[in-house]
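Sequences listed follow chains W and E, in order.
Our numbering numbers the first residue of the first sequence as 84 and each following residue consecutively.
Our numbering numbers the first residue of the second sequence as 84 and each following residue consecutively.
A couple of the hints might just be wrong.
One copy or two, it doesn't matter: identical chains are merged, so the pair holds either way.
[Stated by the list, open to error] In silico SDA-like pairs for lysine to any residue, Cα to Cα no more than 25 Å straight-line:
{"#": "1", "residue 1": "Lys465", "residue 2": "Tyr432"}
{"#": "2", "residue 1": "Lys490", "residue 2": "Ser411"}
{"#": "3", "residue 1": "Lys490", "residue 2": "Tyr135"}
{"#": "4", "residue 1": "Lys465", "residue 2": "Ser407"}
Calculated directly from the structure, the hints in this document are not laboratory data.
2 protein chains.
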Amino acid sequence: MTTSPIHAYLTDLHARHALNASGNVADYIPELAYANPEWFGICIATRDGVVYEAGDTRQPFTIQSASKPLTYGLALADCGEDAVLRKVGVEPSGDAFNAISLQPQTGAPLNPLINAGAIATCGLVRGESADEKLGRILETFGRYAGRELDVDERVYASESATGHRNRAIGWMLRGFGILSDEPTATLETYFHQCAIRVTCRDLAIMGATLANGGVNPVTGERAIDAAYVDHVLSVMATCGMYDFSGEWLYQTGLPAKSGVGGGILAVQPARLGIGVFSPRLDEHGNSARGIAVCRELAADLGLHLFDVSGRPAPAIRMATTRRSVASSRRRPPEAADHLRAFGSRLRLYHAQGSLVFASVEPLIRDIMERAESADCFILNLKSVESLDGATARLLAQTHSTLEPLGKSLLFSEASTWWESLIAAGAPRSAFFADDDFALEYGENGLLERRFPGRTWDTPATLAECALFAGFDADALATLDRMLEHRNYGPGQTMIAAGHSSNELFVILRGSAMVSIPTRNGVTRLAAFAPGMSFGEIAFIDRAPRTANVTAIDAVACRVLTHEMLSRLEREASLLKIRLLENVALGMTSLIRQADAELAALR
Amino acid sequence: MTTSPIHAYLTDLHARHALNASGNVADYIPELAYANPEWFGICIATRDGVVYEAGDTRQPFTIQSASKPLTYGLALADCGEDAVLRKVGVEPSGDAFNAISLQPQTGAPLNPLINAGAIATCGLVRGESADEKLGRILETFGRYAGRELDVDERVYASESATGHRNRAIGWMLRGFGILSDEPTATLETYFHQCAIRVTCRDLAIMGATLANGGVNPVTGERAIDAAYVDHVLSVMATCGMYDFSGEWLYQTGLPAKSGVGGGILAVQPARLGIGVFSPRLDEHGNSARGIAVCRELAADLGLHLFDVSGRPAPAIRMATTRRSVASSRRRPPEAADHLRAFGSRLRLYHAQGSLVFASVEPLIRDIMERAESADCFILNLKSVESLDGATARLLAQTHSTLEPLGKSLLFSEASTWWESLIAAGAPRSAFFADDDFALEYGENGLLERRFPGRTWDTPATLAECALFAGFDADALATLDRMLEHRNYGPGQTMIAAGHSSNELFVILRGSAMVSIPTRNGVTRLAAFAPGMSFGEIAFIDRAPRTANVTAIDAVACRVLTHEMLSRLEREASLLKIRLLENVALGMTSLIRQADAELAALR
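Just chain W, with the same shape it has in the complex (with noise of 0.2 Å):
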């Protein structure tokens, strides 16, 4: 296959920082000086799970504090926000990444990154030895990567016996009573968790399942509730990169955090996961190469968080009338008219994408404003990937404040989203299939308020169907003579698909309906009352039918076949004129309403 540009993309960026051998590797950590300098990867992970990689992606290294974060969220689903928050505050220190940084009064770490506060966090999660929270642990960093880790024994054993500032910061914690019991098994899940091995491939997914709502798009599997995806994001922003976090966010617009093993584990979020490694380190503590690459991959594909110049689809991907779209019931020529004439009371939009406050206003904005010109508004929600507990709420109270004034909001393909806005007061009542049959109960509104108490499906007489327009009784004599009369009995099959094409249906009494079988069930195409015909165009062309039809309730109906048409030329020519006249002009409405509604869709 050939090389998307995007691949291209990253292997030139990679290419080009190679050559930055500024920085030197961690060595405070002695096991850490082992690794090579010249190791260097870049991986993006998009949300959706897709990898493009550039350089040593998959080589081992020790996560150290890029496991900050993840373990924060494990401890804020241990313990509940308020519960860490009193152990741990979230405030950027300004200070360095070894900087002790207490509150002065109650002894809290500043916030989870720095080492004091990523210390207390590992006092909160859950487990009733430290063998028991490593395996928490490295069970969730594994869910965040899709796959099984390890610790480096070496580099732990190292980071453990060297640990003399992180021990004293356990016993000062343990002092202010922050952890509750000897800091000496919670420093040991510390330095476990820090010797944990990666590759910044794992950090990119990593990413990734923070920028998709905490599950692992490659896997499926959720490594965090998403009720704490924010919270750990936001440390990440204001405290991510120690001393350095003002200036990167200022600069990338990344929450991330780097580790001095030489990892970057940068999001954007709701969209892309971001792995760099590389070993030597600036004077903050970040990786060199690392650091240059993230602004630059920020600055090359807009990655900044506040890069505002884009802005987002509209939550309305369609706004139409019943004038250019209407349901597949076919109606008689009376009601057909008032409908025309009064399409615009009827409104139809589709949604798109995630309906949050700001995307939806519009929509509620719309309706409100329209609310004294039309009766009827229906909502397609299929094309929706998220909708928000603000925008049901929003939503529900729209169809309660429209319903006394007699105007009803409607839901169309609702799926999961039912739920919702049915817990946020929606009655049952406004749901709808699809659009046909909402579409279909918003006329029937309008024709009661214009004809109330009327009823549509009365029997129709040879005469009074469109087919025979402009016949005599004479002409209609002869005609019902030939025709084959004929019964169904509600949900029997009049046309099958696949079939051959020889008959052409007049209805006299009962309905119709034509589908096709769908994933979920049926998608009705047209639905037929008495007076109407259907199945002519396959009648004409002589293609295979495309759709089944079946008798909605009892039906009477004539058909006619292509024997009867010959027969009629040779005996009754001016009758096959005028019939083939009204199957043509029958065939221009249904090309006039087919145009309005490619007008309305495109």
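Since chain W is already given, all that's left is putting chain E on it; use the hints.
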């Protein structure tokens, strides 16, 4: 008009929080103590300039520290990023609002939102005199607010008379050389800036201006260059709420800035501006009701920056192939058969919304994956709201990656995005006015591969016309005598929209085009070659013509009228029957094509 549920929500929110009487009106500036502690306004302004208000949203008060990010933006525009960063950092200090917080070596204030940083920022605003500087600040703030603003002279005088600590900061900055002149004038600018009178509504619109990339959404005027908006929002995110900034971002996820006058200006980037005003302050110096309201707003309306439960609408709103969507050029049978069989080699994508790396990546991936199985990719940009540099470069690179493989990426309806795509290297020949012309180009490519050098517009005989299919030589001769022979020159009108419909055309030589006038010229609805007929729909249903038909080149045609049909009915009814059958047959293919297109667009 009925009250919108959004307005109802704000009114209720206001009523509930009006009961909160915690905190105290600021009195360290004596004049501020005269504020009515019960004043309380909440205002939301959308990115498209719609404003929702509750309470005292038109009550003037002084902007105080909420001025700081706006002046910072002005300094960035005046001096450039590098010069500003040399004088003022962007690290959160973790300190209170009046802490001095200078970088120990350079004396640079840690960030522009503490007093020291804001005074240094005032020193960077261009202007020969304090008056000129203040004038430029007032003008800039006025553009953010969308109205002329002024200074509350009593508050200014009070602020200047008691600003001892700020004078001390000014002299320290002078000592470090951060201010290059005596601080007196700069301090006057600073005191004036803090005393600018705004309303809660102004703050919301200022926020919406930042959300909207620097353009005031109500007036359409630009207040700050788009390139600096991300920097202003970054410092608001990390440093906006004094030593409460980390917790604020954690809880609300809204870049914001408070002032001791009681105002809070908050931003949901790319979405909303929020203003809250209530003079009672909490212990951090932030409006007590303001903090509580913003917290509830963020939770109720799902405004948190890092709420990644939402998923942006996909950049591709439709992807289809020539199987469903064809150019309006009607093809002779052999060409039509080939295009039908190989239709999947011609792909059409409709993009929408903001094209940024993460949204355009799936499109590029799809194209590259299909680079073997398809020949031509058309990308329609009509519904694109913005297209950033990264996207332009990637699309241009995708074009040049495909070219050596003999494949093409075409752009249709590129409108203003044309320029950046050309600048990124896309050739002019890749742009088409609309899908129709791009599809025609792609179809011609498919035909050229299969039938190299073949021309399709050679003159036709009557026998070759679809309308006369199945007619024998005698019948054709009869018709040719009856039909009107007519010629048109290039560009000449053959059918005029709105006119009556007594003619059906058959082309024997040359080609013709159906079009409707649109805002930007005309849209082509169909193009016909020799052997084809047109005008049949209005001819049959006798409604007025809905489009114009013009000759593209020299056209020779035959014209059928209703009078001729009546004559045929009397003199050769079998011919009329054949004609009607052929007309109906032509219509069935129009209906089938429209149904396929409707299915693709839905």
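For each hint, the structure was consulted:
no. : hint             : in the structure
1   : Lys465 to Tyr432 : both (11 Å within a copy, 19 Å between copies)
2   : Lys490 to Ser411 : within (22 Å within a copy, 41 Å between copies)
3   : Lys490 to Tyr135 : between (51 Å within a copy, 24 Å between copies)
4   : Lys465 to Ser407 : both (19 Å within a copy, 21 Å between copies)
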